[in-house]
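*Asks:* Chains D and V, in that order, give the protein sequences. The letter at position 36 of the first sequence is residue 36 when you use UniProt numbering, and the numbering goes up by one with no holes. The letter at position 21 of the second sequence is residue 21 when you use UniProt numbering, and the numbering goes up by one with no holes.
Hints in this document: simulated from the structure, not taken from any laboratory. There could be a bad hint or two in this list.
No more than 20 Å apart at the CA atoms, straight line, and that leaves these computed lysine to any residue pairs for SDA-like [to be verified]:
hint, chain 1, residue 1, chain 2, residue 2
1, D, K11, V, R24
2, D, K11, V, V26
3, D, K181, V, A19
4, V, K20, D, E193
5, D, K11, V, A38
6, V, K16, D, K111
7, V, K20, D, M239
8, D, K181, V, H29
9, D, K181, V, L47
10, D, K182, V, R31
11, V, K16, D, E53
12, D, K182, V, V26
13, V, K20, D, E198
14, D, K11, V, R31
15, V, K20, D, K111
16, V, K16, D, E146
17, V, K16, D, M239
18, D, K111, D, M239
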Amino acid sequence: MGEAIVITSGKGGVGKTTTTANIGAGLAQAGQRVALIDADIGLRNLDVVMGLENRIVYDLVDVVEGFAKLKNALIKDKRFNENLYLLPAAQTRDKTAVSPEQMRDLVSSMKEEFDFVLIDCPAGIEQGFKNAVAGSDRAVVVATPEVSSVRDADRIIGLLEAEEKHHPSLIVNRIRPSMVKKGDMMDINDMIEILAIELLGVVPDDEFIVVSTNRGEPAVLNTQSQAGQAYRNIARRLMGENVPMMKLEDDNQGFIGRLRKMMGIKG
Amino acid sequence: MFDLFARVFGREDASKEVAKERLRLVLVHDRASLSPQALESLKNDLLNVISQYLDIDDQGFRVDFSRHEDAMALIANIPIKKKVGRPL
């Protein structure tokens with residue numbers, strides 16, 4: 001029996017879809033059997049982020065309505081040795097095409113075949129959120145170190161509690177070490193303190209994410225990408241391994257940073 | 001070592017401090033599902049009720065939410081001038 005994890009945030013544009021794609025790819029790389037569900041009905045995007053948009057035949061609504069079998073709707077990602085599958089969202093329907101009960105049944109049948117079922121939640125707090133959360137065993141909240149994102153994350157944490165999804169964990173996305181050092185960006189501890197939840201991972205702001213999305217290739221496939229490394233670490237933590245938080249290198253170290261490096265002092 | 005430098009020469013106006021303070025205030029209202037207007041009217045009602053029994057210094061009257069670990073608390077600070085019409 002696998003585990004279903006919903007990736008959520010409240011606010012749009014903080015990196016839910018990129019996070020879902022990369023954690024899924026990271027888990028598959030590590031040998032887990034993974035299914036990704038794009039629960040953003042009407043605004044599907046996980047397919048393009050994964051580079052699988054040309055292979056869609058059936059979608060989530062087709063499966064829920066019984067027009068297609070689950071195994072025929074799942075798209076196999078050939079880069080990951082039979083380990084990674086995507087169930088795309090419908091593009092021409094809206095959130096009301098599916099109910100939370102239907103999602104619960106779908107996710108629970110998928111958990112029988114996969115080690116992990118990752119659900120990419122739409123932005124917002126309405127039915128799309130309720131659908132995405134319905135079948136999940138645990139929730140991961142993605143937030144960037146910005147006032148608007150943290151505020152919405154706090155609201156989502158409250159709503160998860162109301163849906164009886166307890167103990168969500170946090171991914172801090174797009175952190176910029178140089179700005180944190182200057183005191184112009186909230187750091188990890190600030191965010192944990194404000195949101196009062198457990199930290200699952202920290203993903204640095206990485207230009208390579210744009211390149212990877214352009215190409216439709218998850219960043220975990222690139223060994224040079226810092227964000228890719230961060231996502232691989234998160235995947236291993238979800239598998240129960242104890243992986244220390246990544247030491248974030250300042251991208252613009254300045255005089256003291258360079259001096260420290262010359263002297264071989266590690267902070 | 002650098003952290004010490006940062007603390008010694010730290011900017012008082014570091015914008016993350018502003019962000020944290022603004023978040024703290026906005027989250028208090030979000031979490032309690034209470035708008036600043038509603039909080040103001042709660043304050044006035046409290047003031048009216050308590051004024052029936054005590055002479056309150058309404059300049060020093062403060063009502064706010066506070067977070068203690070996982071729980072929210074409504075904290076009222078009500079300075080009293082003197083008792084009104086002491087019985088007997």
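*Asks:* Checked against the structure, which of the hints given earlier come out wrong?
*Replies:* 5, 6, 7, 8, 9, 10, 11, 12, 15, 17
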